[in-house]
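Undergrad: So the chains spell out like this:
Number of protein chains: 2
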Amino acid sequence: METRDIDSLCVNTIRCLAIDMVEKAKSGHPGLPLGAAPMAYLLYTKIMNYNPKQPGWFNRDRFILSAGHGSAMLYSILHLTGYDLPLEELKRFRQWGSKTPGHPEYGLTPGVEVTTGPLGQGFANGVGMAIAERFLAAHFNKPDFPVIDHFIYSIVSDGDLMEGVSAEAASLAGHLRLSKLVYLYDNNKITIDGSTKISFTEDVGKRFEAYGWHTEHVLDANNLEELEAAIHKAKGNGEKPSLIIVDSHIGFGSPKQDTSAAHGEPLGLDAIKKTKEKLGWPLEPDFLIPEEALTHFRQAVDRGNKQMAAWQKLMDGYKKAYPELAAKFKMVMQNELPQNWEADLPTFAPQSGPIATRDACGKVMNSIAKNFEMLIGGSADLAASTKTDLKDGGDFSPENPGGRNIRYGIREHAMGSISNGINLHGGLIPFTGTFLVFSDYMRPAIRLAALMKAHVIFIFSHDSIALGEDGPTHQPISQLISLRAIPHLTVIRPADANETCAAWRWAMKHDGPVVIATSRQKLPVLDASLYPIYTDFSKGAYIMVDAENPEIILIGTGSEVSLILEAREKLLAQNIRARVVSMPSWEIFDNQPAEYRRHVLPLEIPKLSVEAASTHGWHKYVGEHGDVIGLERFGASAPSEVVMKNLGFSVENVVEFATRLISKK
Amino acid sequence: METRDIDSLCVNTIRCLAIDMVEKAKSGHPGLPLGAAPMAYLLYTKIMNYNPKQPGWFNRDRFILSAGHGSAMLYSILHLTGYDLPLEELKRFRQWGSKTPGHPEYGLTPGVEVTTGPLGQGFANGVGMAIAERFLAAHFNKPDFPVIDHFIYSIVSDGDLMEGVSAEAASLAGHLRLSKLVYLYDNNKITIDGSTKISFTEDVGKRFEAYGWHTEHVLDANNLEELEAAIHKAKGNGEKPSLIIVDSHIGFGSPKQDTSAAHGEPLGLDAIKKTKEKLGWPLEPDFLIPEEALTHFRQAVDRGNKQMAAWQKLMDGYKKAYPELAAKFKMVMQNELPQNWEADLPTFAPQSGPIATRDACGKVMNSIAKNFEMLIGGSADLAASTKTDLKDGGDFSPENPGGRNIRYGIREHAMGSISNGINLHGGLIPFTGTFLVFSDYMRPAIRLAALMKAHVIFIFSHDSIALGEDGPTHQPISQLISLRAIPHLTVIRPADANETCAAWRWAMKHDGPVVIATSRQKLPVLDASLYPIYTDFSKGAYIMVDAENPEIILIGTGSEVSLILEAREKLLAQNIRARVVSMPSWEIFDNQPAEYRRHVLPLEIPKLSVEAASTHGWHKYVGEHGDVIGLERFGASAPSEVVMKNLGFSVENVVEFATRLISKK
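As they're listed, the protein sequences go chains A and B.
Note that numbering that gives the first Met the number 0 has the first sequence beginning at 0, numbered continuously upward.
Note that numbering that gives the first Met the number 0 has the second sequence beginning at 0, numbered continuously upward.
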């Protein structure tokens, strides 16, 4: 059989598997697989280095299906090339408990590098992977030992390119000259609502050139030679990330070709029949995989084994030449923390005076970064405000690829998505920095970090109305509860410098995304020798100061803990016994045994929560007989102390609420 | 005095007022005002049509300071040109209760067209205003009567152009050829973290050309002639929106010029002295406004009166020539609904079979659109899925500027921000459409809609895990509570078609943003003759079916109301008496008198909430002795019924929870 023939056979195998999957599921997206199958085929059979039997091989090329709705295509090719994804799973597409959910899910299906579906995310994730690749290469590669040297490929759709997050990420990728990025734009000219002409007529190539990208234009997705040549040119440019615009046909070969009807629903049996006829495919059986095609695809295993063996050989030499570096590299590949990572964690003493938790956060981060070189990150143009600069870390740039401070520019959303990519690449723990109110801009990325359990540490400073004069546009109200509501996300709002340190310790060891919200304003340092901060922080909430037979429990987070400690003194002066509970993290507390939770917050004692944020969610802890001090309005522009006092965050107001609550009982 | 001299004097008046404001407030941003003052000066004295004494004049040119941190500049020029903003207010910059908050706030300060600060938003708001301008012009202008004919100007910063939302909006504005947009890019090459070189080296002009914009480049912000010529060329191009790249110097004239130190903190007295010396400005007194400058600025009043008088004359002729249209136009300018707007609202009967609330929503919208032509909007490429198409409304396009369906493309964030702009322009009520999970992409826009009380109706379909096979990437969990936590935002999740109708009725009359969350799946129509839907919906929560001495109260929203109605029957069969409460909106319910709230949800009866979303926030209603059925995990990919059942949304599970809760008591 001639090359052309086997190519067509293989491409059509992907196509027909995908449409059969969608048909069987009675749900899904046949349009992209039919049109983009040649791209996937080429990447997985002629371009990429990977090993289906070792999907975690560290130096593999990464592939991201940013247009995640084309999952049937991805699952098909993963099965065909020999990943641990049996045909049975393809037949269980979109069914409960299958490994083939509607959109690709990282951690569930071998070979799926990232969870995609919400458009634009995969595009930006890839930029993060390219940053990780370059950073790790700078750290570990040595002359003659390119132990890190791989590309990041992606198939992106119109939707990916319309989303703002990809625009942000593309601009940054061009700026950083991330030449290991090779993106194929599936230019099928159709979106759900119709032709792209109705909303998307920009000159995409010109835009990407303006960002500093190399662009290629392939006029026919089915022309494998042209496509392959374009990819090689892209890879070879060595200077710039590449976008290859590939003109394709959604629903190729089907009666619905070039219409939006091909996008997101099963073709139907009749159209499937016509499609298969058009493609010269047997009508029976469905899920047909010709032996020749399978054999051809499965060469990926042998090829992958050879590629890995060659790399392993390189590593053997590397180990001999650079034993220490190789040992370190091994730990990095296994995402292990160095033993001494906590060695320089600071402790804070009240006598050194009040300190904003953003400042404490900066000190703690830097103490960790000193011993753990794989902590990298940056802020969205707020390094000095969020205190997230790594001193002596250098800026990550084309000239300084080992730099650890990533200058994201004013691109919060891309910062989040890129950070997900950095972590998913493997080897690195990324952090981000911006104001808490701007977590809204990053929300889709944070949500996906949670869904993927990516180990990203999201630092948000200026965590309340106490930021003062910048006013309501910059003062977070709804953000804390909004983040707390995301499953698998841990939100921590430390009360002082010591809790900030404890928060970092927790976040570094946790296997998932963590938010740390820090204050702009200075806060008293709580005495760690008086209060059980370092022992009890890890319970999420704990009794900071107790009283015998307390009449009321004051619960606070962040800056409000100092406030309720003061209120407690005032109450004591009135002979009212109050327990003070610091509650840095709801999620951690909720995971404690019921007895502990009831011990800290017994049913029978009235409870008052104090947090300078939306009150939503607090009733779970204070109960219907308790009360909440919070905000059900936006903030105001005025000096910090004025805003706090006028909106109810004063010792007097806490005392008043507390006494009223006790008297009600 | 020569023209040049008075120009300089005026520009420096703005500059020095602004730096004095920041200094007095001990907080704020002097850098932008010093650099961009010539642009503001030119716009307000030589370019724009407006009337400081009638800031609401409908045909005024709009100005948006997208870089809202430069508020001191805006307040200065508003004061100088004669808006009702006394010098005293400038001296109270960033103080409690002043009209000069840290960032400009719509509705608070006369002349402030939009609340800005979160970057990129103002850019996109302007695109919305330009859409509104063109749409209204298409509706009301007649030959010789261009009653709507104005421009939208904005000063945008590096940050605005880095944000993804502006990329989305710019691409759409280019596509729509919104030639009334004239944006001045304050290209000062400095961001908070340093030179733009560290993160922003794209070719901005080329990028905007790729979007279909007209671009100009002014090499010196202080060259008023060059700047003016560029603006005139931009206005005159008649085909495209315009970006004028104006090279400027942050902190111009100060010792901190061209450094990020000039951006966001007071210059300090010493630097102020040096700046004033450099600008040839008297060192004393502060807040100096030379008489000549004031006289020159205040010509704006006379000019504005004349412009308005000319327009009024045009309107008089228009009224004579087109009395009916003029009457309609008057109502539109006053944001009034036509008397018959509710005339064709449908009612839904159970016997016509189950209907998804997204479908009901589409029908209701269309019935309103029939009588109220100023309802316009669109979806982010999900018109058919969200059912937000206005039948016979036509697509809004350069060829059809009266079209009422805006094809936003896959640009949720811009859709939200543009909709804010459409409403703030005046005259129109915009709606948006996407899946609930993608409300995350629009969140910064929704938040600002709430802060500005913009009348935007945000439709979110596919409102729960019941969307099924698309899986966890597309299934909302945290979104409802996240939206509910935004102050001033009303979130409605209707239980059926009739509640959907009631929701729209409420939303149309409400003066602020409303979210309506609709189901993908079909839901039984609840009998409006049996249940008090139309009478009690407006209370936010109401007793749908009661029982004598209820032993338990089942509370549901949206699709879960039918579920708890079924569960009630099952419980009744076990001789358990349950009250069923439909709770379409927390916010509306929370605004009811305490007696009503206690009547619906009495303290002493155990309560169980059922909502296929995060449980956060429900404890406020069910109390600590109540229980919640909800989700503290992400969803799953499988057919709708399977996902719902497996995750606890079945009659059996509700019955089990209910009986357990009763027995606990």
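One or more hints might be untrue.
Said to hold, decoys possible - Under the rule of at most 25 Å between Cα atoms (straight-line distance), these lysine-lysine pairs were calculated in the BS3-like manner:
(1) K205(A) with K239(B)
(2) K98(A) with K664(B)
(3) K644(A) with K239(B)
(4) K538(A) with K619(B)
(5) K390(A) with K52(A)
(6) K196(A) with K239(B)
(7) K390(B) with K239(A)
(8) K619(B) with K196(A)
(9) K239(A) with K45(B)
(10) K663(A) with K619(B)
(11) K664(A) with K663(B)
(12) K619(B) with K205(A)
(13) K664(B) with K663(A)
(14) K188(A) with K239(B)
(15) K619(B) with K664(B)
(16) K205(A) with K205(B)
(17) K25(A) with K521(B)
(18) K239(A) with K196(B)
(19) K521(A) with K23(B)
(20) K205(A) with K196(B)
(21) K664(B) with K664(A)
(22) K521(A) with K25(B)
(23) K23(A) with K644(B)
(24) K205(B) with K188(A)
(25) K521(B) with K196(A)
(26) K390(B) with K619(A)
(27) K644(A) with K205(B)
(28) K23(A) with K521(B)
(29) K98(B) with K644(A)
(30) K98(B) with K390(A)
(31) K619(A) with K90(B)
(32) K232(A) with K569(B)
(33) K25(A) with K619(B)
(34) K619(A) with K23(B)
(35) K644(B) with K90(A)
(36) K196(B) with K644(A)
(37) K619(B) with K664(A)
(38) K362(A) with K232(A)
For the record, the hints were derived by calculation from the structure and aren't laboratory data.
Undergrad: Now tell me if each hint is right for this structure.
TA: Hint by hint, here is what the structure shows:
no.: 1; hint: K205(A) with K239(B); verdict: 17 Å, holds
no.: 2; hint: K98(A) with K664(B); verdict: 43 Å, violated
no.: 3; hint: K644(A) with K239(B); verdict: 50 Å, violated
no.: 4; hint: K538(A) with K619(B); verdict: 24 Å, holds
no.: 5; hint: K390(A) with K52(A); verdict: 41 Å, violated
no.: 6; hint: K196(A) with K239(B); verdict: 17 Å, holds
no.: 7; hint: K390(B) with K239(A); verdict: 46 Å, violated
no.: 8; hint: K619(B) with K196(A); verdict: 49 Å, violated
no.: 9; hint: K239(A) with K45(B); verdict: 44 Å, violated
no.: 10; hint: K663(A) with K619(B); verdict: 18 Å, holds
no.: 11; hint: K664(A) with K663(B); verdict: 23 Å, holds
no.: 12; hint: K619(B) with K205(A); verdict: 54 Å, violated
no.: 13; hint: K664(B) with K663(A); verdict: 23 Å, holds
no.: 14; hint: K188(A) with K239(B); verdict: 23 Å, holds
no.: 15; hint: K619(B) with K664(B); verdict: 19 Å, holds
no.: 16; hint: K205(A) with K205(B); verdict: 7 Å, holds
no.: 17; hint: K25(A) with K521(B); verdict: 17 Å, holds
no.: 18; hint: K239(A) with K196(B); verdict: 17 Å, holds
no.: 19; hint: K521(A) with K23(B); verdict: 22 Å, holds
no.: 20; hint: K205(A) with K196(B); verdict: 21 Å, holds
no.: 21; hint: K664(B) with K664(A); verdict: 21 Å, holds
no.: 22; hint: K521(A) with K25(B); verdict: 17 Å, holds
no.: 23; hint: K23(A) with K644(B); verdict: 21 Å, holds
no.: 24; hint: K205(B) with K188(A); verdict: 23 Å, holds
no.: 25; hint: K521(B) with K196(A); verdict: 33 Å, violated
no.: 26; hint: K390(B) with K619(A); verdict: 45 Å, violated
no.: 27; hint: K644(A) with K205(B); verdict: 50 Å, violated
no.: 28; hint: K23(A) with K521(B); verdict: 22 Å, holds
no.: 29; hint: K98(B) with K644(A); verdict: 20 Å, holds
no.: 30; hint: K98(B) with K390(A); verdict: 41 Å, violated
no.: 31; hint: K619(A) with K90(B); verdict: 45 Å, violated
no.: 32; hint: K232(A) with K569(B); verdict: 68 Å, violated
no.: 33; hint: K25(A) with K619(B); verdict: 41 Å, violated
no.: 34; hint: K619(A) with K23(B); verdict: 44 Å, violated
no.: 35; hint: K644(B) with K90(A); verdict: 22 Å, holds
no.: 36; hint: K196(B) with K644(A); verdict: 42 Å, violated
no.: 37; hint: K619(B) with K664(A); verdict: 18 Å, holds
no.: 38; hint: K362(A) with K232(A); verdict: 46 Å, violated
The structure is inconsistent with the numbered hints 2, 3, 5, 7, 8, 9, 12, 25, 26, 27, 30, 31, 32, 33, 34, 36 and 38, although it conforms to all the rest.
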